[in-house]
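Student: The residues making up each chain are set out below.
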Amino acid sequence: MSNASAIEQAPQLAAAAGYDDGIVKKFVWAAVIFAIVGMSVGVLIATQLAWWPANFATPYLTFGRLRPLHTNAVIFAFAANVVFAGMYYSMQRLLKVPMWSKGLSEFHFWGWQGIILSAAITLPLGLTQSKEYAELIWPIDLAIAVVFLSFAFNCAMTIKNRKVEHLYVAIWFYMSFLITIPVLHVFNNLSIPATLTRSYPIYSGMTDALVQWWYGHNAVGFILTTPFLGLMYYFLPRAAERPVYSYRLSIVHFWALVFLYIWAGPHHLLYSALPDWAQTTGMVFSIMLLAPSWGGMLNGLLTLRGAWDRLRTDPILKFMVVAVSFYGMSTFEGPMMSIRSVSALAHYTNWVVGHVHSGALGWVGMISFGMIYWVMPRLYGRKLYSDNLATIHFWIATIGIVLYTVSMWGGGLTEGLMWRAIDESGQLKYPIFVDMVAKQAPFYWMRVVGGLMYLGGVFLMFFNLLQTAMGAAPAPAAAPAAK
Amino acid sequence: MAEHWHRRLIEGKSGLMAALTTVLISVGGLVEIVPMFTLDSVPEADWIDPYTPLEVAGRDIYIREGCYTCHSQMVRPFRDETLRYGPWSHSSEYMWDRPFLLGSRRIGPDLHRIGGKYPDAWHYEHMKDPRATSPGSIMPPYQWLLEWKIDAADVQASVLALSRVGTPYSQEEIDGVPAQLQQQGGEIVERLKGSGIDASWDDEIVALTAYLQRLGTDRPSPVAQGGGE
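Chains V and S, in that order, are what the protein sequence lines are. Just so you know, we're using this note's numbering here: the first sequence kicks off at 1 and counts up by one. Just so you know, we're using this note's numbering here: the second sequence kicks off at 1 and counts up by one.
Mixed in with the good hints there might be a few duds.
[Unchecked claim] 30 Å max Cα-Cα, derived BS3-like pairs, lysine-lysine:
#1 S:117 / S:193
#2 V:439 / S:117
#3 V:429 / S:117
#4 S:13 / V:96
#5 V:96 / V:26
[To be verified] Far from chain V, some chain S residues (derived; all Cβ distances over 10 Å):
#6 98
#7 175
#8 176
#9 189
[Claimed, not checked] Across the chosen pairs, the derived CB separations fall in these ranges:
#10 S:143 / V:308: 54 to 60 Å
#11 S:46 / V:157: 52 to 58 Å
#12 V:356 / S:35: 26 to 32 Å
#13 V:193 / S:183: 24 to 30 Å
Hints listed in this document are in silico derivations from the structure and should not be mistaken for laboratory results. Note that the structure is a prediction, hence the values are computed from the model and not measured. Note that CB positions come from ideal geometry on N, CA and C, so glycine has one too.
Bound conformation, chain V alone (with noise of 0.2 Å):
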């Protein structure tokens, strides 16, 4: 390959322009290995749905107790130290010039991974604001604020210190993830403590419902889609060797989406209780987002023109290829679920739960595996150990993810349709509420098997990373095709 001699000298290069770049090895290191983590909980969790045997009989290891578990660790232990590792990378990269300072990028990481660690014991014993994605008690929430906030103070400086003059688009991304990300958090946590592990918020009712979902929904879209969009910017040009497709496109839509996603919340509450002009506007907002989402996945389809040829023996753009349709794909579905009479059917269901995971597991885990992939080597300074491995990582990725989307739109729509049925009679057809979850039993267990391929893809890509940095020699590539 033309580039073996870029990715070994990739280190000297690194250092001799004085970037931080094992504060990238730390971060990316913490999200394979807590990928591992929060996928084997939502493993354990999917199953606990299809045999509930599988709860243990033991208060620590319910249904109940885990699924925030499975939440945080894959959004704010994976995801976010795969957000972490490609913004430490490109920034200094991008700006030319190394981190404002080291000592806040260390504090940043050993402070991330303590508050996982405490979330990781908090919510098994039950200490939770049951707010999605908010569960975390109210000590961890100050430190949450302390560390992001000296984390965006140390970007910001870096920024502000940058040897050139225009910002790329991925920093534009990462900065609307910098400023977002505390506005959210802060306004959505204010409560009053009662004990050190318990606290009841300012709001109630229904608008403490609008603002969890404000919130809710924009940890969606200012954690798994901004910063990824950043290192789609960034990553996506580098691994096809081809310069952003259009400037234009990526001014209008960052801008679109900065301003529209915020308003979107509300489509969590449709046909609830909530004020209908607050449940309209969610609506609205939430269909409009579908042209700024969109103009992302072109921008990042199109940036392969001409590259196309090597979707076939790259994994690292097959990975890439696929996160971005993904992306456009659930970006199509969350407007159309928006839609009140689509969200009347859906909601509830397994259908939201598909919807969920085709955008984390098909968008941000595919370009965060892309992104792995392709950093990695270039930390290290070696060539991946194997890319067959990484190529088979890939295709039981794709197929999981295919697996699990795939139940959980036959399972919703059974749902769905189940609760909503009337008999000739005008009485429910099916009364018994547990002679429907019965009808779940098989969609669970696909989504077991596709759960697993997804993990056992995760496995694959640790051990393929271990060979790499320890240095082992490159798995001999499979003979070529025969001719």
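Got chain V; can you put chain S on it based on the hints?
Tutor: What follows is chain S alone, placed relative to chain V:
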């Protein structure tokens, strides 16, 4: 390609980019959330009393166990939902809910109209072994709720904090939390005894039962609901 005019003027200025971003992300939240406080968007309901101390304790257990991860508390205004669960939910019914517990998934049924639907003993048996009362259920058993105890001082701290965020508990009521707990818990214990179940007023199952039996019983009058079911 000619350079875009805004390349230096906007994308070259980090402070300006940050300021513009801050403005843009603020608009949506302000427009949607501020009216919840300034307009009469959520009607106040003066007939709805705050949760009793025992119900507060039960609600905290409901939160601790993550019941909301499988059960919603929101009957939507559809024919099938009012047939299955009862009258649709009204925003005023949630006025003392801190935090809100609407839920986002119905792995099990909605619980907003569970109050009064079953006797106390049903909830006791259901938590001990969900399949005893609901054959085919996939809910895990919660037998520890039958053994673990609530702590009056802990509940008192909760009631005090709730009063600080605006729930109208008087100082008298806050001081009287331990007595209140015993009294309401004792009533449930009596009813359980009638079904041959031995329980104590400070068993967690008693507090949770108190909360579940309260749920959805503060319905607006049929007139306010727009003519009833």
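Student: For a C-alpha distance cap of 30 Å, please report whether residue 96 (chain V) and residue 26 (chain V) respect it.
Tutor: Judged against 30 Å, a Cα distance of about 21 Å means the pair holds.
Student: Is 52 to 58 Å respected by the C-beta to C-beta distance linking residue 46 (chain S) and residue 157 (chain V)?
Tutor: This hint holds: roughly 53 Å between Cβ atoms.
Student: With respect to the beta-carbon atoms only, verify the hint that residue 143 (chain S) and residue 308 (chain V) lie 54 to 60 Å apart.
Tutor: holds, 59 Å
Student: Below or equal to 30 Å on CA atoms is what counts here, so check residue 439 (chain V) against residue 117 (chain S).
Tutor: Given that 30 Å is the threshold and the Cα spacing comes to 25 Å, the pair holds.
Student: Is the straight-line distance between the alpha-carbon of residue 429 (chain V) and that of residue 117 (chain S) 30 Å or less?
Tutor: OK: residue 429 (chain V) and residue 117 (chain S) at ~21 Å, within 30 Å.
Student: Please settle this one: residue 98 (chain S) was flagged as non-interface, so is its CB more than 10 Å from every CB on chain V?
Tutor: violated, 5 Å
Student: Hey, does residue 175 (chain S) actually stay past 10 Å from chain V on C-beta?
Tutor: holds, 16 Å
Student: Taking C-beta pairs only, is residue 176 (chain S) more than 10 Å away from all of chain V?
Tutor: holds, 17 Å
Student: Classify the label on residue 189 (chain S) as holds or violated, using whether its beta-carbon is more than 10 Å from each beta-carbon of chain V.
Tutor: The claim holds: residue 189 (chain S) sits with its nearest Cβ about 23 Å from chain V, beyond 10 Å.
Student: For the pair supplied as a hint, residue 117 (chain S) and residue 193 (chain S), is the alpha-carbon distance within the 30 Å limit?
Tutor: Judged against 30 Å, a Cα distance of about 19 Å means the pair holds.
Student: When you check the alpha-carbon spacing of residue 13 (chain S) and residue 96 (chain V), does it fall within 30 Å?
Tutor: The given pair, whose Cα atoms are some 16 Å apart, holds under the 30 Å limit.
Student: Is the hinted range of 26 to 32 Å satisfied by the C-beta distance from residue 356 (chain V) to residue 35 (chain S)?
Tutor: holds, 29 Å
Consistency with the previously given hints fails for number 6 only.
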